[in-house]
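As you go down the protein sequences, you meet chains A and B in turn.
Counted the way my numbering counts, the first sequence spans residues 1 to 112.
Counted the way my numbering counts, the second sequence spans residues 1 to 109.
There may be inaccurate statements among the hints.
Pairs of lysine to any residue, SDA-like flavour, derived with a Cα cap of 25 Å [stated by the list, open to error]:
#, chain 1, residue 1, chain 2, residue 2
1, B, Lys9, A, Arg68
2, A, Lys57, B, Lys22
3, A, Lys57, B, Ala91
4, A, Lys57, B, Lys57
5, B, Lys22, A, Arg44
6, A, Lys57, B, Glu32
7, B, Lys65, A, Lys57
8, B, Lys9, A, Phe102
9, B, Lys22, B, Lys57
A partial selection of chain A residues facing chain B, derived with a Cβ cut-off under 8 Å [as the list claims (entries may be wrong)]:
#, residue
10, Met19
11, Leu43
12, Tyr64
13, Phe90
14, Leu101
15, Phe103
16, Gly104
Not the full set, but computed from the structure, chain B residues with beta-carbon under 8 Å of chain A [unchecked claim]:
#, residue
17, Glu32
18, Arg43
19, Leu44
20, Leu47
21, Ser82
22, Tyr86
23, Ser90
24, Lys96
25, Leu97
26, Phe99
27, Gly100
28, Thr101
29, Gly102
30, Arg104
Quick caveat, the hints were computed from the structure, so don't treat them as lab data.
Beta carbons: idealized from backbone N, C-alpha and C, even for Gly.
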Amino acid sequence: IAGITQAPTSQILAAGRRMTLRCTQDMRHNAMYWYRQDLGLGLRLIHYSNTAGTTGKGEVPDGYSVSRANTDDFPLTLASAVPSQTSVYFCASSDLTSGILFFGPGTRLTVL
Amino acid sequence: AQRVTQPEKLLSVFKGAPVELKCNYSYSGSPELFWYVQYSRQRLQLLLRHISRESIKGFTADLNKGETSFHLKKPFAQEEDSAMYYCALSAGTASKLTFGTGTRLQVTL
């Protein structure tokens, strides 16, 4: 059982380019989340989805979009990357009953 | 709006010394509080939650509604406790988690 996987592990991207970070879970969790982790700022929620077919905005959604076509996958897209989006991105999922988050290994993204 | 404050970015203690990682929250309702930990080269993972009232790896945390705090404590620090610790708050089981900015615990010999 893999839990949550993210791809790629790391990426260097030119500003203005489009990028999709992938996230897949095999735990059949209803809810999925994208957080970014920045030094001194902790973890901030970008977007979330409580169930397949629905998504919502978190604390810092600008410049990002998500989709939830099925239970397992929750890709995060940067339509036109900017240097301020340089960060470590974590995908997470949870069973809405427990509320406990399970995290992926993260994607380190550098936008130049 | 809910908010979580972790005032210390770095806490350095000697092995065997007591540890207290501070966490204060702001929320008008009845929150659910969590501590998550990220060890070097490992995923962020749940350490403990207040409703469980359990001790994990020697750590405990008590929810103090009067002081709106959920400090993480351990009587004797070990080297393997060195990690990044995040306090988090949920407005309800089905709600999103709000994280604090994190405290890096460094345990030295």
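Here's how the hints hold up against the structure:
no.: 1; hint: B/Lys9 x A/Arg68; verdict: violated (35 Å)
no.: 2; hint: A/Lys57 x B/Lys22; verdict: violated (29 Å)
no.: 3; hint: A/Lys57 x B/Ala91; verdict: holds (16 Å)
no.: 4; hint: A/Lys57 x B/Lys57; verdict: violated (35 Å)
no.: 5; hint: B/Lys22 x A/Arg44; verdict: holds (19 Å)
no.: 6; hint: A/Lys57 x B/Glu32; verdict: holds (21 Å)
no.: 7; hint: B/Lys65 x A/Lys57; verdict: violated (29 Å)
no.: 8; hint: B/Lys9 x A/Phe102; verdict: holds (24 Å)
no.: 9; hint: B/Lys22 x B/Lys57; verdict: holds (18 Å)
no.: 10; hint: Met19; verdict: violated (22 Å)
no.: 11; hint: Leu43; verdict: holds (4 Å)
no.: 12; hint: Tyr64; verdict: violated (15 Å)
no.: 13; hint: Phe90; verdict: holds (7 Å)
no.: 14; hint: Leu101; verdict: holds (6 Å)
no.: 15; hint: Phe103; verdict: holds (4 Å)
no.: 16; hint: Gly104; verdict: holds (7 Å)
no.: 17; hint: Glu32; verdict: holds (6 Å)
no.: 18; hint: Arg43; verdict: holds (5 Å)
no.: 19; hint: Leu44; verdict: holds (4 Å)
no.: 20; hint: Leu47; verdict: violated (11 Å)
no.: 21; hint: Ser82; verdict: violated (17 Å)
no.: 22; hint: Tyr86; verdict: holds (6 Å)
no.: 23; hint: Ser90; verdict: holds (6 Å)
no.: 24; hint: Lys96; verdict: holds (6 Å)
no.: 25; hint: Leu97; verdict: holds (6 Å)
no.: 26; hint: Phe99; verdict: holds (4 Å)
no.: 27; hint: Gly100; verdict: holds (6 Å)
no.: 28; hint: Thr101; verdict: holds (4 Å)
no.: 29; hint: Gly102; verdict: holds (5 Å)
no.: 30; hint: Arg104; verdict: violated (10 Å)
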